Structure formats: structure tokens, C-alpha cells
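2 protein chains.
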Amino acid sequence: MTSAASNPKKEIRVNAFALHSPVHHSPGMWRHPRDRSLEYNTLDYWVDLAKTLERSLIDSLFMADSIGVNDVHGGNLDTALRHGAQVPKQDPLMSLSAMAYATRNLGLCVTSNANHEPPYVFARRMSTLDHLTRGRIGWNIVTGFAKSSVKVLGKDQVASRDERYDIADEYMDVVYKLWESSWENGASVRDTATGVFADPSKVHRVDHEGKYFRVQGIHMTEPSPQRTPVLFQAGSSARGQRFAGHHAEGIYLSGPSKKVLTPVVAGTRAEAVKAGRDARDIQFFTMATIITGRTTREARDKYEDYRRYVTPEAALAMFSGWTGIDFSTYDPDEPIRYMQLDAGTSSALEGFTRLDPERIWTVRELALHNAIGGRGPVFIGAPNEVADALEDWVDETDIDGFNLSYAVTPEAYEDFADLIVPELQARGRYKTRYAPGTLREKLGGRSSLLNERHPGAAFRRYPSRPLRNTP
Amino acid sequence: MTSAASNPKKEIRVNAFALHSPVHHSPGMWRHPRDRSLEYNTLDYWVDLAKTLERSLIDSLFMADSIGVNDVHGGNLDTALRHGAQVPKQDPLMSLSAMAYATRNLGLCVTSNANHEPPYVFARRMSTLDHLTRGRIGWNIVTGFAKSSVKVLGKDQVASRDERYDIADEYMDVVYKLWESSWENGASVRDTATGVFADPSKVHRVDHEGKYFRVQGIHMTEPSPQRTPVLFQAGSSARGQRFAGHHAEGIYLSGPSKKVLTPVVAGTRAEAVKAGRDARDIQFFTMATIITGRTTREARDKYEDYRRYVTPEAALAMFSGWTGIDFSTYDPDEPIRYMQLDAGTSSALEGFTRLDPERIWTVRELALHNAIGGRGPVFIGAPNEVADALEDWVDETDIDGFNLSYAVTPEAYEDFADLIVPELQARGRYKTRYAPGTLREKLGGRSSLLNERHPGAAFRRYPSRPLRNTP
Numbered sequence: 001m002t003s004a005a006s007n008p009k010k011e012i013r014v015n016a017f018a019l020h021s022p023v024h025h026s027p028g029m030w031r032h033p034r035d036r037s038l039e040y041n042t043l044d045y046w047v048d049l050a051k052t053l054e055r056s057l058i059d060s061l062f063m064a065d066s067i068g069v070n071d072v073h074g075g076n077l078d079t080a081l082r083h084g085a086q087v088p089k090q091d092p093l094m095s096l097s098a099m100a101y102a103t104r105n106l107g108l109c110v111t112s113n114a115n116h117e118p119p120y121v122f123a124r125r126m127s128t129l130d131h132l133t134r135g136r137i138g139w140n141i142v143t144g145f146a147k148s149s150v151k152v153l154g155k156d157q158v159a160s161r162d163e164r165y166d167i168a169d170e171y172m173d174v175v176y177k178l179w180e181s182s183w184e185n186g187a188s189v190r191d192t193a194t195g196v197f198a199d200p201s202k203v204h205r206v207d208h209e210g211k212y213f214r215v216q217g218i219h220m221t222e223p224s225p226q227r228t229p230v231l232f233q234a235g236s237s238a239r240g241q242r243f244a245g246h247h248a249e250g251i252y253l254s255g256p257s258k259k260v261l262t263p264v265v266a267g268t269r270a271e272a273v274k275a276g277r278d279a280r281d282i283q284f285f286t287m288a289t290i291i292t293g294r295t296t297r298e299a300r301d302k303y304e305d306y307r308r309y310v311t312p313e314a315a316l317a318m319f320s321g322w323t324g325i326d327f328s329t330y331d332p333d334e335p336i337r338y339m340q341l342d343a344g345t346s347s348a349l350e351g352f353t354r355l356d357p358e359r360i361w362t363v364r365e366l367a368l369h370n371a372i373g374g375r376g377p378v379f380i381g382a383p384n385e386v387a388d389a390l391e392d393w394v395d396e397t398d399i400d401g402f403n404l405s406y407a408v409t410p411e412a413y414e415d416f417a418d419l420i421v422p423e424l425q426a427r428g429r430y431k432t433r434y435a436p437g438t439l440r441e442k443l444g445g446r447s448s449l450l451n452e453r454h455p456g457a458a459f460r461r462y463p464s465r466p467l468r469n470t471p
Numbered sequence: 001m002t003s004a005a006s007n008p009k010k011e012i013r014v015n016a017f018a019l020h021s022p023v024h025h026s027p028g029m030w031r032h033p034r035d036r037s038l039e040y041n042t043l044d045y046w047v048d049l050a051k052t053l054e055r056s057l058i059d060s061l062f063m064a065d066s067i068g069v070n071d072v073h074g075g076n077l078d079t080a081l082r083h084g085a086q087v088p089k090q091d092p093l094m095s096l097s098a099m100a101y102a103t104r105n106l107g108l109c110v111t112s113n114a115n116h117e118p119p120y121v122f123a124r125r126m127s128t129l130d131h132l133t134r135g136r137i138g139w140n141i142v143t144g145f146a147k148s149s150v151k152v153l154g155k156d157q158v159a160s161r162d163e164r165y166d167i168a169d170e171y172m173d174v175v176y177k178l179w180e181s182s183w184e185n186g187a188s189v190r191d192t193a194t195g196v197f198a199d200p201s202k203v204h205r206v207d208h209e210g211k212y213f214r215v216q217g218i219h220m221t222e223p224s225p226q227r228t229p230v231l232f233q234a235g236s237s238a239r240g241q242r243f244a245g246h247h248a249e250g251i252y253l254s255g256p257s258k259k260v261l262t263p264v265v266a267g268t269r270a271e272a273v274k275a276g277r278d279a280r281d282i283q284f285f286t287m288a289t290i291i292t293g294r295t296t297r298e299a300r301d302k303y304e305d306y307r308r309y310v311t312p313e314a315a316l317a318m319f320s321g322w323t324g325i326d327f328s329t330y331d332p333d334e335p336i337r338y339m340q341l342d343a344g345t346s347s348a349l350e351g352f353t354r355l356d357p358e359r360i361w362t363v364r365e366l367a368l369h370n371a372i373g374g375r376g377p378v379f380i381g382a383p384n385e386v387a388d389a390l391e392d393w394v395d396e397t398d399i400d401g402f403n404l405s406y407a408v409t410p411e412a413y414e415d416f417a418d419l420i421v422p423e424l425q426a427r428g429r430y431k432t433r434y435a436p437g438t439l440r441e442k443l444g445g446r447s448s449l450l451n452e453r454h455p456g457a458a459f460r461r462y463p464s465r466p467l468r469n470t471p
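For the record, the sequence lines run as chains R and F.
Sequential numbering of the first sequence, starting at 1, is according to the UniProt record's numbering.
Sequential numbering of the second sequence, starting at 1, is according to the UniProt record's numbering.
Derived by calculation from the structure, the hints in this document are not laboratory data.
The structure presented is a predicted model; accordingly, all values stated were derived computationally and were not measured.
Any given hint might turn out to be false.
Just so you know, same-sequence chains aren't split out, so a pair can sit in one copy or run between any two.
Result set (DSS-like, lysine-lysine): computed pairs, CA atoms no more than 30 angstroms apart in a straight line [said to hold, decoys possible]:
hint : residue 1 : residue 2
1    : K211      : K9
2    : K302      : K274
3    : K211      : K155
4    : K10       : K259
5    : K259      : K155
6    : K202      : K259
7    : K202      : K155
8    : K202      : K10
9    : K147      : K211
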């Protein structure tokens with residue numbers, strides 16, 4: 001009995017996927033007359049987008065990030081810069097509160113690299129956001145280093161993948177201690193009558209002395225609605241799957257076919273079970289792009305219109321960056337029969353680098369194929385056709401939903417709201433309103449907190465006390 | 001000829017001073033029925049505050065911060081926690097974009113410690129904010145470490161003050177290189193016709209190899225409206241004044257009397273001149289609290305009402321934290337004749353720890369005195385009386401304005417808008433509308449960029465090109 005068969009009509013969840021850059025996965029599209037990508041550095045763009053996503057009942061906006069750059073193609077940054085291909089790239093944390101203020105239900109999931117700042121500072125930052133958004137924050141845990149990001153951080157070399165995950169495991173221990181164990185429930189009293197703000201006997205110092213980190217002090221914020229933000233991960237190496245099996249509540253994936261995804265989903269669910277969790281404690285979202293219209297013809301015309309703006313050279317530069325292979329040195333018609341991943345390639349991008357093993361690609365095909373929608377499928381068609389595809393992918397791969405990228409923004413999300421949402425709702429596969437509560441509860445959690453099987457829950461000092469949050 | 005005499009009617013500038021905590025400088029006041037301090041962890045509070053400040057034509061909101069805690073009093077955190085005395089304390093960066101979206105002119109100046117994150121990551125974060133706010137960002141440069149913050153960052157000891165400033169000087173070099181030299185003007189092309197986003201020949205790699213930092217890579221964002229955010233500083237030691245004389249465009253001060261402030265202002269202006277800048281290239285803002293009403297009587301009644309809510313014990317805990325002296329071990333009536341500053345006390349707080357040398361204080365008096373308004377003056381009176389005091393302070397000390405703290409928030413800023421602003425405007429000492437342009441221009445700068453005398457300007461690679469920003 002497959003999981004899909006046991007749950008044939010599960011609700012399809014959808015995140016929106018974005019990057020603070022003129023290009024995310026569809027290079028060249030910033031030139032399209034209806035595209036607003038060039039406004040990526042304005043709050044108007046992000047607030048308008050957040051409102052559109054909330055209108056679509058989309059679960060969350062997932063903000064990708066890295067401080068690496070696509071400098072593999074031609075051995076320099078020129079192609080990436082010329083096309084704005086994920087460079088420049090702004091800090092996604094900085095726009096969140098404006099989007100949070102303009103919405104009430106949209107989750108805000110942000111990529112942040114555990115190597116960029118001390119765990120104490122980072123834990124406080126996430127707790128602040130979880131307070132300000134009233135519990136709508138998710139964290140996509142990134143542990144990797146692109147080579148270019150190592151240079152800007154002044155480090156000598158990329159740690160091995162295994163050591164990176166060891167560091168990340170200890171980093172997680174530190175932030176769990178701060179989020180889960182420092183302030184007991186009930187520590188925050190806020191009593192104007194007695195003048196007691198907090199009960200010092202219920203606020204505890206974290207004493208962490210590990211191999212990589214040392215922290216001694218209380219967590220700097222009161223418990224936020226979720227304490228630990230909803231945890232996402234994107235790694236898909238064996239070690240990455242193990243890390244995700246332990247820590248992740250959501251996994252962002254990418255793959256060109258259902259066949260590629262299915263074993264990744266099953267493998268990571270198995271890692272969760274090995275870690276003492278339930279296979280269903282993790283939700284999987286795969287990247288996809290939808291191009292739709294009222295009819296098949298309208299959708300295809302839209303796709304053909306979009307294609308006039310693609311820049312395959314930029315797509316190839318991005319693919320070179322993801323894989324560590326300089327495709328500028330290949331003949332465009334050369335078939336790519338075997339691809340060896342560069343070990344130093346950021347693990348954050350591993351999920352994007354799986355080629356469909358069922359066909360042979362030429363360099364030129366690869367570039368064109370990736371010029372819209374990157375490494376994920378592109379569903380082109382009328383709403384019923386797209387909905388069929390979405391259902392098939394969920395039911396056959398056991399994913400929980402999609403991480404929705406775009407060709408033209410915000411048109412892609414407006415089309416999703418106007419055309420796809422009603423179709424999925426009519427099929428009983430999409431929510432008709434947001435669930436109440438925090439992001440964790442909206443995603444199906446029974447409480448605003450990590451569930452008791454999650455390893456972060458083991459850091460709670462006071463399991464006998466009711467784990468309800470202060471208001 | 002004194003500077004004040006040469007400029008007898010200079011406009012009085014006003015910032016508002018805030019901390020993401022239930023207490024800033026008036027412990028206990030969160031219990032006042034009209035006070036909204038307990039909402040410090042909500043966006044509603046911060047957005048409403050920002051709108052009120054903009055209604056007052058206040059130049060900027062200055063957000064204090066540190067990850068240190070007041071754990072000197074009694075040798076533990078209990079008193080600070082019980083009263084919420086600057087603990088908990090959230091990350092002030094996280095609320096900025098919501099405030100920026102809700103306003104058009106208010107500057108947003110944020111304290112960020114150069115020790116908390118790599119300069120590359122920090123420079124990108126500030127550039128992002130400068131883009132998103134359309135050039136309204138200021139940075140209060142903090143170089144210090146409270147002992148408690150050293151422990152949470154896993155460091156063994158506090159660097160000496162001199163070394164901290166050496167590190168900070170090199171940190172500034174790195175961020176200037178990223179902000180000023182990496183992207184030439186005109187590098188960001190954004191041409192939808194040709195498909196060129198950026199001109200790679202005008203984007204340059206920073207190669208910094210110093211004693212404390214090593215960075216190799218391009219700045220990750222396009223030039224923001226101000227490139228370098230408006231730079232503020234608060235140190236007042238001799239080394240701190242030298243650092244400020246070099247880097248600061250604004251100085252936040254605090255002192256209980258005009259006599260205490262005057263030499264600090266003159267000394268730092270002299271350091272600016274020594275550094276090849278103009279004495280007027282730095283503006284000085286001293287902390288002050290205003291309690292006003294339509295009449296003297298109304299103001300005094302308000303003050304007496306507020307005093308019913310003060311918690312002197314918390315004020316003493318905060319003062320213990322600032323000075324490094326455990327006042328819980330003193331007899332309340334003991335006179336304090338001489339106070340030796342603890343060398344490890346955070347330099348960020350140096351400005352707050354100057355006692356008035358003209359009188360002898362008892363511990364009890366110190367606590368009561370500090371329970372409203374902290375280390376700055378408290379002006380209590382009808383609008384004309386308060387305006388007289390503000391004018392006197394500016395004219396006699398050569399400061400440029402105030403850093404307005406509060407007893408009850410947002411009442412203090414509403415009163416300022418309704419009562420003090422019209423009085424100062426009638427005297428020709430306060431603006432009647434915001435100046436156009438970026439924060440730097442609103443504060444009197446002739447351009448959105450660092451002026452040519454500022455050491456950051458020396459890092460521009462292309463002085464012969466017009467230093468105008470891309471749109």
C-alpha cells in the first residue's frame with residue numbers, strides 16, 4: 001500500500017518561490033513588458049506580491065538566498081552580471097516585516113545560512129520575526145558554501161560536506177536550546193498590577209560547550225508563538241537526507257520528472273522514521289512553474305510569448321554555477337552523457353542539479369530547457385490540464401505540494417489565483433480558507449510548537465509543564 | 001567666536017530614541033495605563049510609532065541595541081528580568097521594512113555591532129535596507145562588547161578598547177570598499193531593449209587582505225541611493241572620539257548638563273578637523289526626555305502621575321549594568337564621590353555614564369533620578385518652557401539637536417507633535433516640512449552620498465566620473 005493510495009485526495013499545498021534578484025529561474029524575463037522583476041529592490045513589489053499570494057491562499061512565500069555567485073561560466077561573473085542572473089541579490093530577511101504587516105495568514109519562510117552569523121544572534125533574529133509576524137516564520141536551513149561565498153567570508157576552504165553537516169547539527173542544538181529551553185512557559189508574566197514583567201526563576205541560562213560553538217546566556221527574547229520556526233531543508237545527498245530526516249518539517253525539492261522525485265521523497269521519509277519521527281512529519285514541496293490561460297491555446301500563446309524573452313546564455317551560466325561545470329567550454333550540440341557533481345557545489349543547490357536520467361541532453365537543449373522554470377517541470381495548459389498534472393505529481397511521487405516558481409511575476413501568481421485555485425478547489429484538492437493559528441498549525445500541525453517526536457522537543461527542560469505559549 | 005554665536009538660529013533636529021524592549025530609559029512605565037511598551041514585540045506598535053514620528057517631522061527613529069544584559073546588579077539577571085529592564089530585547093533590524101513601508105520621509109537609524117557578523121554579510125544587509133527604504137537608512141556603529149555578550153558569542157575575553165577600535169577601523173575599510181568602490185555609477189544598466197542588466201566592466205571585485213578581515217568578491221547589491229548609510233556613533237572615550245571624528249556624520253550623546261556636553265562636542269569636532277573634515281560635518285544629538293502639557297501645571301501633573309509608576313530598583317540595575325558597578329551592595333544613602341568606569345563596560349554605553357561632576361549623589365538619588373529619562377535631562381513644562389530649554393541646550397553646547405527618549409510611549413511623541421513642534425516652528429527653530437531626497441540630504445547633506453571630505457569617499461575608484469546614483 002503506497003502512501004498516496006492511502007490518502008488519495010490529500011490537499012495540495014503551495015508555496016511561492018522567490019529570490020531578491022532581478023532573475024530567479026527564468027533569465028531574461030525581466031524584459032517582458034508585464035514583468036515586475038526589476039522592482040525586486042522595492043518594498044512595493046514585495047508587499048504587492050505578498051497580497052497576491054494571500055489572495056491565492058498560498059501557504060507561504062519561500063525566499064531563496066545565498067551569497068554565492070554564478071562565476072563558473074567562462075571562469076568569471078560577466079555573463080551572470082550582464083543578465084542579472086541571480087546577481088545582484090539582496091538580503092531577503094529585510095523585506096519580511098513589510099510583507100507581514102500587509103498580510104494576516106501568509107507564511108514567510110526565509111533561507112538563512114548557518115555559517116553567516118553566530119547561532120545566538122541568529123536565534124534572536126528568528127525569534128524577533130516570529131513575534132512580529134505572530135508565528136508565521138519558517139527557516140530554510142542552509143549549511144553549504146559556494147566557493148565564491150567562502151572568499152567573501154574570508155575563509156580558506158570549503159569544509160567537507162560531512163563536516164558541514166556536523167557543524168550544522170551542533171548549530172541546531174544551540175538554537176534549539178535557546179528557543180525551547182531558556183524561557184519556560186509562564187516565565188513571561190507581564191503583570192501591570194504587581195509590576196512583574198518576567199519570573200526570573202523560570203528563565204534559564206543556556207550553557208553550551210561544543211566542538212564548534214560555545215554559548216553561555218539566556219535567550220534574548222520571550223518565547224515567540226512557535227518558539228522554533230517551521231524548519232525547512234533542501235539538501236538531497238545521503239548526508240543531507242539524514243540531516244533533513246532529523247530536523248526538517250518541510251523539504252524543498254526540485255526534479256525534472258516524477259520518477260526522479262519519488263525515491264528522494266521515500267528516502268527522506270525513511271530517514272525521519274529512523275530518527276524516531278513519523279514519515280508524515282515531513283512535507284515535500286517540489287519546484288514547478290505554471291503557465292496557464294483560460295484555454296489551452298491561450299496558455300500556449302502565453303508560453304510562446306514568454307519564450308521570446310528568454311536568454312539561454314544566462315540559463316547556462318546559472319546551470320554552470322549550480323553544477324560547478326563550465327558549460328561555456330562545451331560545443332552547444334555536445335551531448336552530456338554523464339555529469340559529475342563538483343563536491344564543493346553548495347549543498348543548498350543540490351536539489352536543483354538532478355538531470356533526467358531518461359534522456360540525453362545537448363548543452364544547447366539544456367540551456368533552452370532551463371531558460372524558463374529552471375530545474376523543475378513547467379506545466380503549460382488550461383486550468384484543468386494543469387490541475388491534472390499537479391494531482392498526478394502529488395499522487396504518484398508522494399509529495400505534499402509545490403514550490404511555485406514563475407516565468408513572469410506577479411502574473412504567474414495572479415493566474416494561479418484566478419485560474420488554478422478555483423479548479424483545484426472544485427476538485428477538493430485545495431483549501432478554501434487558511435487554517436487558524438501559526439504557520440505550523442496552518443500546515444497541519446496540531447500545535448504551534450514542534451511536535452513531541454521532533455529532536456528539538458528533547459531540549460525542553462520542563463516536559464511535565466504544559467507547553468502552551470504565553471500570549 | 002563660538003560656533004553657536006555664528007549660527008544663532010540653527011534649526012533644531014530631533015531623532016526619536018527606541019529599544020525593542022519593554023523598557024528603554026524609564027523602567028516601570030510599561031505599567032502606565034496609556035503606555036504601549038508591552039507591545040514592543042508587535043508590528044502594530046512600531047508602525048503606529050513611525051507614523052506618529054513622521055507627523056512630528058522627526059528626522060529619524062534611532063533604534064538602540066545590544067545583546068548584553070544588565071547582570072551586574074546583585075551579580076545576576078534577576079532584577080533586570082523581573083522588571084523587563086532592557087531584557088528581553090529583540091533584533092531592531094527586523095521591524096524596519098514595515099515602518100519604511102508605512103512612511104515616506106522618516107529616517108531609520110539602527111544600531112548594529114560590527115562584531116556580530118562578517119562585514120560582507122552586514123554590508124549587503126545595509127545596502128538592501130537602503131534600497132528598500134529609498135535611501136533612509138542610518139547605521140549607529142557599535143564596536144563594543146558587554147561581558148555578557150562575549151559569553152553568548154563564545155569568545156574568551158573582551159578585546160581592549162584600543163584593539164576594538166582597530167578592528168572597527170578595518171571593518172569600516174571593508175564596508176566602504178564594498179559600498180563605494182565595487183559598483184561604478186552607471187554599472188547598473190537595466191536596459192530592457194538590449195537585455196543588459198549590468199555592465200560587467202563597471203563592476204569590480206573588492207580584494208581586502210587585512211589584519212582582521214579578508215574579503216574577495218564583488219558587493220552583492222547594486223548601488224543603493226546613499227551607498228554608505230548615514231553613519232552615527234556614540235563613543236566618547238578619547239579613542240572613541242577619534243574614531244567618531246573620522247567616521248561619524250552624527251553622534252548620539254548623553255549627559256546630565258550642558259557643562260558636561262560642551263567639551264565632548266568641541267573635542268569630537270576637533271577630531272573631525274584633524275581627520276581632514278569640517279567641524280560641521282558631524283551633527284550631535286543628545287538624549288533628552290520631554291514631559292509637557294498645555295500649561296506648566298498640566299506638565300507637572302503628568303510628571304507626578306508618571307512618577308507613581310517608576311521602579312527605582314530597575315533603574316539601579318540598569319545603571320549597574322552601564323557602569324559595571326554593583327549598586328545593590330551600596331547603602332542607599334551612601335554618597336558616590338568618585339566613580340571609576342569599568343574598562344570592560346560596553347563603549348556603546350559610555351555616553352550614558354557621565355555623572356554630573358557638580359554635585360554629590362547618593363545611591364538612592366541616583367536610582368530615582370534615573371528612573372525617568374535615564375542619563376539625559378528631563379524637560380518638564382509648558383511648550384514655551386520646554387522650547388526655551390531646547391534652544392538653550394543647542395545654543396550653549398553647540399549640539400545640533402536631540403535624541404528624544406520618552407517616559408510614556410507613544411504619548412511622548414504625540415505631545416511633541418501637538419505641543420512642541422508648533423512652538424519651535426513659531427520660533428523658526430524647527431522645519432515645517434521634510435527636505436526632499438535621502439536621509440543624508442534631509443539632514444543637510446548636499447548629496448545623497450558621503451561628502452568628499454569623508455574618509456569613505458577615498459575608497460571610490462572613479463573620482464573623475466560623476467558620482468550620481470543609478471535610478
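Hints and how they fare:
Taking identical chains as interchangeable, the C-alpha atoms of K211 and K9 are never at most 30 angstroms apart, the minima being 46 angstroms within one chain and 61 angstroms between chains. Proximity of K302 to K274 under the C-alpha cut-off of 30 angstroms is found in neither arrangement, the shortest distances being 46 angstroms within a copy and 64 angstroms between copies. Taking the shortest Cα distances, K211 and K155 sit within 30 angstroms of each other both inside one copy (18 angstroms) and across copies (14 angstroms). Proximity of K10 to K259 under the C-alpha cut-off of 30 angstroms is restricted to the intra-copy arrangement: shortest distance 20 angstroms within a copy versus 73 angstroms between copies.
Taking CA atoms no more than 30 angstroms apart as the test, K259 paired with K155 passes in neither setting, with 39 angstroms inside one copy and 49 angstroms between copies. Taking identical chains as interchangeable, the C-alpha atoms of K202 and K259 are never at most 30 angstroms apart, the minima being 51 angstroms within one chain and 45 angstroms between chains. For the identical chains of this complex, K202 and K155 are inter-copy neighbours only, at 26 angstroms across copies versus 40 angstroms inside a copy, given an alpha-carbon limit of 30 angstroms. With identical chains, the CA atoms of K202 and K10 are never at most 30 angstroms apart, being 42 angstroms at best within one copy and 52 angstroms at best between copies.
Taking CA atoms no more than 30 angstroms apart as the test, K147 paired with K211 passes in both settings, with 24 angstroms inside one copy and 22 angstroms between copies.
The structure is inconsistent with the numbered hints 1, 2, 5, 6 and 8, although it conforms to all the rest.
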